Amino acid sequence: MHELYAILREITGYIYPNEVELHWGILIVVYPYITGLVAGAFILASLVKVFNVKEVQPTYRLSLLTALAFLIVAPMPLLAHLGHPERAYEIFLTPNRKSAMAMFGFVYAWYLMAVLLLEIWFDYRGDLIRLSQKEHGLKKWLHRIILLFSTDTSEESLKFDKKAVKFITVLGIPSAFLLHGYVGFIFGSVKANPWWSSVLMPIVFLFSAIVSGIALLLLIYMVTTLMRWKPIDMKCLDKLASFLFYMMIIDFSLEALDFLHRIYESEESIKILSQLVSSKLFVSLVVIQLLLGMILPLVALAATKLFPIPDELRRHIYFISALLVEVGIFTTRWNVVIGGQLFSKSFRGLTAYKMTLLGIEGLLMAIVLLLLPFLILYLLTLIFPPWPEAYETPAEAEATT
Amino acid sequence: MASFGKGIPDQIKRLSVVVILVLAAFFIGRMLLIPRDFGRYDHFRASALFDVASQEVEFAGQDICTECHDDISSQKANGYHQGLSCETCHGPAAKHTESPDEVTPFKPSGREYCPICHAYLASRPTGFPMIIVESHNPMKACTVCHNPHDPKPPQIPRGCEACHAEIARTKAVSHHVYIPCTRCHQTPEEHKVNPRTYRPDKPKTREFCGACHAEGSTEAPEAIKIDISTHGGRYVCWQCHYPHLPEAR
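Quick mapping for you: the protein sequence lines, in order, are chains A and B.
By the numbering used here, the letter at position 370 of the first sequence is numbered 370, and the numbering carries on one by one without gaps.
By the numbering used here, the letter at position 220 of the second sequence is numbered 220, and the numbering carries on one by one without gaps.
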């Protein structure tokens with residue numbers, strides 16, 4: 001009761017009683033952010049296999065594992081937000097075809113099982129067989145179970161693995177688009193909300209997802225390489241940064257198009273939306289999302305293309321740009337989810353979002369959910385070593401050092 | 001047996017087993033876990049209706065309160081809070097009606113509860129009693145001065161802005177800022193005590209505005225003049241100009 005009164009004091013203008021409190025909080029910001037990272041990481045992995053971009057090969061397995069780690073966490077914010085995670089399986093048992101949200105369960109399951117797990121399985125099979133032959137005890141058994149006791153490393157079967165990976169990747173690209181486009185679809189199809197309702201929404205979501213995924217892998221690649229005391233492959237890094245740059249240009253143009261379209265259309269909501277942007281969302285949208293998260297990294301990345309910048313400095317520029325992009329995309333999600341609930345459907349007033357620190361929907365929970373994928377990723381790298389040195393025999397290792 | 005599936009790669013055979021297991025688990029799960037009465041009426045479990053119906057009743061409704069608290073009920077029935085139910089303020093009290101001495105309902109004391117309805121908010125209806133909590137007799141509980149079951153302002157408010165804050169604020173920044181409310185609304189003094197019973201009047205004709213705006217009128221020389229016989233056709237002026245914030249653009 002008292003909380004309600006605290007929000008009442010921050011309301012401006014006219015607002016309906018049921019709009020005072022926001023129903024979708026920080027967890028629903030985290031959710032599209034994480035699914036975006038999944039889709040982005042996977043699409044980066046597909047570049048290697050489908051489009052044969054050799055330079056980014058060092059990030060291929062890392063991308064797959066990153067996608068998996070984040071995918072495992074993706075539904076958690078939803079489960080925490082809805083409460084009763086123990087009932088979650090019911091949406092699979094009795095599918096409700098009329099509900100886009102309920103169908104997410106199937107999109108998710110398809111993506112997890114038919115795409116990611118399969119691709120990882122086929123890609124690692126040969127290597128894991130070799131690895132498990134050298135191992136003992138628990139680890140050996142874990143690997144053998146994961147391998148489904150497959151031991152065939154003949155030329156022929158390895159060839160089949162390659163083909164299968166390629167096939168799954170081709171299938172995976174539309175699936176990744178579906179996964180994240182779906183999240184945009186949920187928002188874009190809310191007719192009554194002019195901030196969300198736009199057919200461009202799934203596409204804008206998708207490209208921002210790709211941007212965030214590439215930036216994340218750039219960061220993970222740099223950090224993990226440094227942690228292993230290995231030299232960073234500058235060709236790979238340059239290529240990643242190029243992809244990031246081009247994807248950001250597409251994303252930026254799409255968002256600008258959406259923006260222009262809204263201004264040109266000037267529907268009756270335009271007044272309250274511009275008020276929203278210039279007041280409650282000013283810092284998160286104009287300052288962080290646009291200036292720090294988009295323009296600044298774009299300029300920095302463009303500079304690395306235009307001027308001959310030494311490797312060391314270039315690495316720093318890439319790192320900071322990617323970090324800014326991550327923060328920027330997070331605020332993009334924030335601005336969509338929170339922004340869309342801050343204005344009244346009467347178009348005449350604004351409310352405020354009071355984030356709690358503790359509690360199942362609080363800030364701490366969001367931070368935990370954002371850190372959890374990294375822990376999972378670490379565990380995954382133990383089971384599925386993504387780096388070549390894990391598969392070298394001691395003699396080979398000696399030869400390379 | 002050996003020739004069966006000869007051309008199929010080893011991997012596919014192994015994965016097929018997993019796929020078959022997953023599918024089997026799915027279908028067996030469906031058979032075992034979907035309640036039998038699911039979907040009888042629609043996409044839900046039919047017996048959920050009974051589950052909900054069998055939940056414990058928390059609210060008692062306000063008729064039953066009268067049986068024991070008839071004094072308060074009749075006090076409330078004639079006051080401003082006649083439209084509110086007892087449990088709006090006292091919370092669910094079904095348990096209290098069963099064992100009144102053991103369970104006593106919540107009493108909203110202090111200054112935080114009443115503002116949920118009475119704090120100033122532009123979207124509340126015109127005339128709804130609103131206060132600015134920070135400056136309205138601060139530090140003291142509301143019930144020190146107002147009886148919650150028969151709330152009355154301890155003294156009659158002098159200005160119209162006490163109840164018509166939104167209009168007063170709007171007019172204060174308009175071209176009509178220097179015209180008192182009572183120039184356009186003849187207001188009986190009782191309106192401030194019983195606003196719904198004694199109503200002020202409102203302008204009814206075009207000529208009313210014409211007193212200041214018609215060409216040749218003398219009341220307000222600085223008011224812009226228009227030809228009242230043609231301007232705006234046959235419509236009354238406030239169909240186009242909001243009288244508390246007139247604009248001509």
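Read the hints as simulated data drawn from the structure, not as lab findings.
Careful: at least some of the hints might be erroneous.
As the list claims (entries may be wrong) - Derived DSSO-like pairs: lysine-lysine, alpha-carbon spacing no greater than 27 angstroms straight-line: (1) B/K225 - A/K163; (2) A/K271 - A/K166; (3) A/K139 - B/K13; (4) A/K162 - B/K13.
No experiment lies behind these values; they were computed from the predicted model shown.
Against the structure, the hints come out as follows:
1. B/K225 - A/K163: Violated - the C-alpha atoms of A/K163 and B/K225 are around 86 angstroms apart, more than 27 angstroms.
2. A/K271 - A/K166: It is violated: about 50 angstroms lies between the C-alpha atoms, which goes past 27 angstroms.
3. A/K139 - B/K13: Holds, at roughly 24 angstroms.
4. A/K162 - B/K13: holds, 17 angstroms
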